[in-house]
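S.K.: Here is what each chain is made of, one letter per residue.
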Amino acid sequence: MPPPDTPVVPSPTPTPALRLDAGRLPHLLAVLTADGRELIGPVVSGGAIVYGPITGADDLPKGLVDDQAPGRYRLVAGESGTYFDHVATANSWKTFLFPPEQKICDIAHADGALTVTAPPVDAPARAFIGVRACDLRAMGILGKVFDNGDFADPAYAARRRNALIVAVNCGRAGGTCFCTSMGTGPKADGGYDLALTEVPAGGDGAPAYFTLVAGSDAGRRILDRLDLNRATAAEVETAAARVAACADSMGREMIADAAEMLGDNLDSPHWQTVAERCLNCANCTMACPTCFCSTVEDVTDLTGDNAERWRKWDSCFTLDHSYMHGGSLRRSGAARYRQWITHKLAHWHDQFGTSGCTGCGRCITWCPVGIDITEEARAVRDRAAGT
Amino acid sequence: MVEIDGLSKLLKEHPFFADWSDDYRDLLAGCAANHRFDANDYIAREGQPADKFFLVRHGTVVLEYPVPGREPVLLETLHEGGVFGWSWMIAPYRWAFDARATELVRAVSMDATCLRGKCDADHTLGYELFRQFIPIMARRLEATRLRLLDVYGSTR
Amino acid sequence: MTATAENRAAAVAPADPMVPRPFRIVRRQRELSDTFTMELTAEDGQPFDFRPGQFNMLYAFGAGVSAISISGEKSSGRLLHTVRAVGTVTDRLQALRKGDVVGLRGPFGRPWPVDRARRRDVLIIAGGIGLAPLRPAIHHVLANRGDYGRVLILYGARTPDDILFPKDLKAWRSRFDVFVDVTVDRAAPGWAGKIGVVPDLIERAAFSAEDATAMVCGPEVMMLFTVRALLRAGMAEEDVYVSMERNMKCAVGFCGHCQFGGRFVCKDGPVFAYTDIAHHMTVREL
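Chains as they are written, first to last, in my numbering: chain A, 355 to 741; chain B, 9 to 164; chain C, 816 to 1101.
In case anyone wonders, no lab produced these hints; they're calculated from the structure.
There's no promise every hint is true.
To be verified - Computed cross-link-like contacts, SDA-like style, restricted to lysine to any residue with a CA-CA straight-line distance of at most 20 Å:
id	chain 1	residue 1	chain 2	residue 2
1	B	Lys-17	B	Asp-119
2	A	Lys-457	C	Gly-879
3	A	Lys-666	A	Pro-473
4	C	Lys-982	C	Arg-893
5	A	Lys-541	A	Pro-554
6	B	Lys-20	B	Arg-153
7	A	Lys-666	C	Gly-879
8	B	Lys-20	C	Arg-1019
9	C	Lys-913	A	His-463
10	A	Lys-457	C	Asn-959
11	A	Lys-666	C	Arg-1019
12	A	Lys-666	C	Lys-982
Stated by the list, open to error - For the chain B half of the interface with chain C, some residues (derived, Cβ under 7 Å), not all of them:
id	residue
13	Glu-84
14	Leu-157
15	Tyr-160
Claimed, not checked - If you only want the chain C side, here are some residues facing chain B, beta carbon under 10 Å, derived:
id	residue
16	Gly-942
17	Ile-944
18	Asp-1000
19	Ala-1088
The beta-carbon is built from N, C-alpha and C at its ideal position, and this holds for glycine as well.
Kindly generate the complete structure, drawing on both the sequences and the hints.
M.R.: Okay, structure coming up:
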């Protein structure tokens, strides 16, 4: 029996909103740094905004927004000089919670024996700055993957435990976003320590500010050190209206019955149609904040006496992914695309009681040919309905 | 009649005829004959007139195909409750393989000329007979296909 | 292995299900031209417990891991794996000899339903090397023979030379309380046994279809044909269990490779009630 759908993150009772002047954002970051936390936040790299190490607010992509569309990503100047009006970054938090390469162990072969040495868990104290609601959901989903009831990955748990989450409620919808239809955003509804909502400077000269709530004791302790005033009801309302406007302006949506419909259409002729466009490049799986497939490789040194076992990101779009003695099971691109989308939207529910999709839109943006998961799900449904 | 009664009883004991009506079974018993074969006796020979089919009552029959210059290829084995031979239904009515007893075999044969005569006279009987045979043929074909798949073979 | 290294590994290893433990090959036996059995003991001296149908991830130094079912033998405390060399890792395992050390993680997976099968007829149906994962179930059933109804072992192999565990089959056949039937796909003159497929054996087997549990292991196609024959014989889908095989890297549900529809073969299987996966068994390239 598949487990019933369960909430991924508990809904906290946030503290009343405080007001943080936009100019004091560096102060918040300094408090986090003073606690010995490495800051990870949005930075411009290679023409895109990615999550990476930052030293302070100056590293943030202030004033930049991202123009995202299927198969398209451009950085452009924003209109309101905000820190956080970009949307989904090119990479996701899984890069930091589930690194692309992790050493499992060293194995030495000597005197007819094997000595296995596991490295200490690498889980630095970090603060994740600018975590979006969709990505918070993704963390919750990965948390279920790596603590699945039968087995737990201690390294993932430690990295997640040691990360303080500073969420940002989105004030702008990206061109490929569809979190509202997935029920995951644009407002963070739990799983964070602190949550910010950014309000740009007003045309009337009103300064930019953030409203700020704590969702955990750790978050409350930080707020206590910031000496902030309560946000006024008007400020709270303005901030909320911005998030609501973001939700209303989201132009893309996932069909509501994707899970059941895809599970019932494993033989759809549409898989072949998608396969004619899909390059099997695996970009979607790398960009996806919940895709968790990994492989394990052995690396031996030149003496042949020492091996390292490395766990590395893998993708269901490779032929090797389904390799069994004799050959690959999913030989056609159609079967591999079907595996990805049906796992993400349908079979994930059977496995983890939730969809594997957060509506972040990364797979759409970073697909070189602009395949759109929402369109493909709809197309499978329409094909099945004969329309 | 004593002999036919005995054969009718033998037919009833065999799965092939187990579900038949007594009337039809008694009718077909007139085409039946009882046989006993010793180990390595040939029951049928490839290319010879297929004038009967056989119901195996006891023992093992191997169907094999003669290959010039080589040992015969063993195709499959049949056992108690098994049936073999449908060449009698298909012109030119010749056996398509050798059938050899690998041990003491008791079997009942059904004479083809007799069967064809009765089926021509009573098409319902012919229909029943074919309805009985076709699933067996289909099962045999399925098994042959499964073996053709060579599922246990090495994958490299 | 140095004591300090061992202690250091032990201090970290138990928490991470991806880290292997060293096991030594204390016996090695050739079974078939490409198949062999290894008996392993833990270098750390810890006992190894498992249930019939479970598997381990065996690590060949420098080559990688392969999922190998445990082929025996709980009663004697011997930990056996029967391996068919079909790829890089299993080739490397085949080259190992008594005294060599492998890495092992496990046991993993859901077992054969030997408890659910109690008081019922038991059909143990294997094809090819599929007899290996079923042997612990056979041992269990025979060690608790009084708990079960009729016990039938039906086995199919490619040729007489490919029959796995012939001594075991002979020993089981010699018991009056077990029905053993073996068939081969092809044979040369001189073979006195059956030639045909496993579904043929089912047609001739005597068991109570409405009160039987079947445990089936073999190549996927063989299992499909076998299940069809069992259903034709009157068995219910929920009484038929099959053991699935898929690519596995982790065996703990982390790596994603062994997904079969909404299930992980590693931790939701490898043994499944047929009724739970029937709808996916005939989907191509799943």
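S.K.: Taking the hints in turn, state whether each one holds.
M.R.: Hints, verified against the model:
1. Lys-17/B / Asp-119/B: holds (17 Å)
2. Lys-457/A / Gly-879/C: holds (14 Å)
3. Lys-666/A / Pro-473/A: Judged against 20 Å, a Cα distance of about 16 Å means the pair holds.
4. Lys-982/C / Arg-893/C: holds (18 Å)
5. Lys-541/A / Pro-554/A: Holds: Lys-541/A and Pro-554/A sit about 17 Å apart, inside 20 Å.
6. Lys-20/B / Arg-153/B: violated (31 Å)
7. Lys-666/A / Gly-879/C: This hinted pair holds, its Cα atoms lying about 14 Å apart.
8. Lys-20/B / Arg-1019/C: holds (17 Å)
9. Lys-913/C / His-463/A: holds (16 Å)
10. Lys-457/A / Asn-959/C: The hint is violated at about 45 Å.
11. Lys-666/A / Arg-1019/C: This hinted pair is violated, its Cα atoms lying about 51 Å apart.
12. Lys-666/A / Lys-982/C: Violated: Lys-666/A and Lys-982/C sit about 44 Å apart, past 20 Å.
13. Glu-84: Because about 5 Å separates Glu-84/B from the closest Cβ in chain C, which is inside the 7 Å limit, the hint holds.
14. Leu-157: At 6 Å from the nearest chain C Cβ, Leu-157/B passes the 7 Å test, so the hint holds.
15. Tyr-160: holds (4 Å)
16. Gly-942: Interface hint status for Gly-942/C: holds (6 Å vs cutoff 10 Å).
17. Ile-944: Cβ of Ile-944/C sits 8 Å from chain B, so the hint holds.
18. Asp-1000: holds (5 Å)
19. Ala-1088: violated (22 Å)
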